[in-house]
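Chemist: Sequence:
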Amino acid sequence: MSDVLRSESVRIHPGSATREEAMKEAADLLQATGAVTAEYFAAMQQREETVSTYMGNELAIPHGTNETKQAILTSGLSVVRYDGGVDWGGEPVTFVIGIAGKGDEHLEILSQIAILFSEEDDVARLKAASSPEELFEALSGSVNA
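The opening position of the sequence shown corresponds to residue 1 in UniProt numbering, with each subsequent residue numbered one higher.
What the hints contain is simulated information worked out from the structure, not anything from laboratory work. By construction, the Cβ of each residue, glycine as well, lies at the ideal position given by its N, Cα and C atoms. Heads up, none of these hints are tricks.
Below, simulated DSS-like cross-link-like pairs (lysine-lysine); rule was C-alpha separation at most 27 Å, straight line: (1) K127 - K24; (2) K69 - K102; (3) K69 - K24; (4) K102 - K24.
Listed next, with one range per pair, are the computed distances between beta-carbon atoms: (5) G85 - E134: 18 to 26 Å; (6) S131 - E91: 23 to 31 Å; (7) A42 - S16: 17 to 25 Å; (8) E91 - Q46: 13 to 21 Å; (9) E39 - S130: 34 to 42 Å; (10) A42 - A124: 32 to 40 Å; (11) S16 - A128: 14 to 22 Å; (12) P14 - N57: 19 to 27 Å.
Full structure from sequences and hints, please.
Modeler: Next comes the structure, spelled out in structure tokens:
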């Protein structure tokens with residue numbers, strides 16, 4: 001598994017967004033790097049209707065369903081930090097990490113993200129990053145290993 005997170009897929013917004021807007025941006029960033037097709041956003045919406053992708057610790061990881069694997073061209077991640085927050089079905093979210101995993105690679109990627117976000121100090125460090133480049137640097141060591 002090579003570099004699933006690329007610097008151009010990391011953004012920081014000072015304001016807030018709706019869950020729908022946040023999922024759309026996550027999908028658009030994945031599509032811009034060639035990881036997924038345009039159908040992936042609908043796959044993310046489908047997954048969200050079935051089960052919330054809110055993970056706790058201000059994190060949501062929207063992703064598609066097993067039935068929509070054909071929309072994934074290669075494994076990839078997108079990371080957007082919303083400093084104004086996102087209401088994720090009643091839960092407060094700051095980080096929206098879009099994930100697309102080819103084959104079973106999503107399991108390994110998810111586990112790396114879960115480990116990183118399980119530590120409050122790490123979450124605080126990610127929230128303190130002052131630029132997308134700094135946020136990318138803070139994340140890439142964990143997810144691009």
